[in-house]
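Enquirer: Can you build the whole structure from these sequences, using the hints too?
There are 2 protein chains.
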Amino acid sequence: MYYYAEPVGRLIEALNKLPGVGPKTAQRLAFHLLRVPRSEAVTLAKAIVDARDQTSDCSICGNMTDRDPCRICADEARDQAVICVVEDARDVVAIEKTREYHGLYHVLRGVLSPMEGIGPEQLRIRELVARLEGSPVQEVILATNPTVEGEATANYLARQIKAQGIKVTRIAHGLPIGGDLEYADQVTLWRAMEGRREL
Amino acid sequence: MYYYAEPVGRLIEALNKLPGVGPKTAQRLAFHLLRVPRSEAVTLAKAIVDARDQTSDCSICGNMTDRDPCRICADEARDQAVICVVEDARDVVAIEKTREYHGLYHVLRGVLSPMEGIGPEQLRIRELVARLEGSPVQEVILATNPTVEGEATANYLARQIKAQGIKVTRIAHGLPIGGDLEYADQVTLWRAMEGRREL
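Chain order of the listed sequences is L and Z.
All the letters of the first sequence, read from the start, carry residue numbers 1 to 199 under the UniProt record's numbering.
All the letters of the second sequence, read from the start, carry residue numbers 1 to 199 under the UniProt record's numbering.
FYI, nobody ran anything at the bench for these hints, they're computed from the structure.
Incorrect hints may have been included.
Identical copies carry no separate label here, and so any pair may be met within one copy or between two of them.
[Claimed, not checked] Derived EDC-like pairs: lysine to aspartate or glutamate, alpha-carbon spacing no greater than 20 Å straight-line:
| hint | residue 1 | residue 2 |
| --- | --- | --- |
| 1 | 24 | 87 |
| 2 | 97 | 6 |
| 3 | 24 | 91 |
| 4 | 167 | 79 |
| 5 | 167 | 151 |
Expert: Encoded structure:
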C-alpha cells in the first residue's frame, strides 16, 4: 500500500520515536517540516546533531556542557562551599530557573536501583566523594527526587558524606505552593506535617 | 542567567518552533535526543533534510513525491477515469488509508480564500482544467474540506469542470460513523437529513 513518498515515510518514522509523539503527531510534524522554509528545517536538523557533537559531561560536576569545566563549575562567583546533588542534568536546569541557588552541582546520572542493576558504581558517587576530599565544601544538599529510589540514594549518600565530616541536608518535601490540602496524596500530606516549622 | 549549554539551548529553541511543542515539551524532546544512541539522533536529523531535498511536487497531480510522475499517477492499475480533488497532500494519505479508492488525485494546495488573498490563480486549478482537457476522465470527485472555504472552492470547481462536460460529485457529509446524533452539531445533522437515502 502506498501512503507516503519514501523520504516522508522515513521522517514520520523517526519522529514517531520521540517520547509522546504518536503516529498522528509524527505525521503532523513531518508535513509541518515539509511546509516551512527549508532553512528552518535545516536549522532543526543541524541543532540535533550539534547538540550531540558539541556537548559532553563536565569533568567536575557531570553536568552537560559545551566547555570543560562547565560554566557553573568555572564561575568563581558561585558559592564554592555548597554542592547540590541531583539525579540528572534536567534537574540542574530546574534549580537554576529558581534563580535562588548560587552554589555548585553534582550530577549523579541516575539513582540507585537494584531492580535495574544500578549500584553505586554505575552512578557518579566515587567522583563526588573524591571531589569532597580536602575541598572547601561545607554542605551537600541532596536533591534527588522524592521517590523510593531517590530516597534510598539520598540515604546512601548521606552516610558516605557524613563519614567525610561534611554537613548533609535533604530538600524539603511538603505541599506544593498553590496546591490544595484536599487533593494532596497522603504521603505528601504526612511529609508536610512532619516537616512543619514554628512560626 | 545560565540554564543550558548553548547547543542544547539552540536545539530546544528549534524544537519549540514545531506545532504543538511548547517550551516544556521542547526541553523533554531535547534531553531525549541527547540520551538516545547518537545514530538515532542523526537518523532523525538526516530524515528531516532528506524529506526536504528528496521530495518535490508531482508534475501531474501536485502530490508530494520522490519521483515524477508520482507512484499513483504512474500506476496503470489505478482507475484513470476518476480524479479526486483534495486540498493538500495529507488528504491523499487519509483517503489512501481507506484502501477503497482506486482512482487518481489532484492536489489543489489550498482553498479559495478571498480574506487571505488566495484566488483561483494561487491554486492548481489551471493545471486541473488542462489535465481534464481531452482526457479519459469521466468523474471528478470534489473532496475539499466541509468548511466555508472548502465548499466555496468545490462550487467554483464544479462550475468549471461541468463546463468541460465531465461529471462532478461531492463527497457526502453527515454523521460520522460511531457518532452520536445527540452530540452532532446542527449543521452536520441537517446535512445528514438532507443527504438521506432510500433503503
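Enquirer: Each of the hints needs a verdict: does it hold here or not?
Expert: Cross-check of the supplied hints:
{"no.": "1", "hint": "24 to 87", "in the structure": "between (33 Å within a copy, 18 Å between copies)"}
{"no.": "2", "hint": "97 to 6", "in the structure": "between (42 Å within a copy, 16 Å between copies)"}
{"no.": "3", "hint": "24 to 91", "in the structure": "between (31 Å within a copy, 13 Å between copies)"}
{"no.": "4", "hint": "167 to 79", "in the structure": "within (15 Å within a copy, 79 Å between copies)"}
{"no.": "5", "hint": "167 to 151", "in the structure": "within (17 Å within a copy, 72 Å between copies)"}
Checked against the numbered hints given earlier, this structure breaks none of them.
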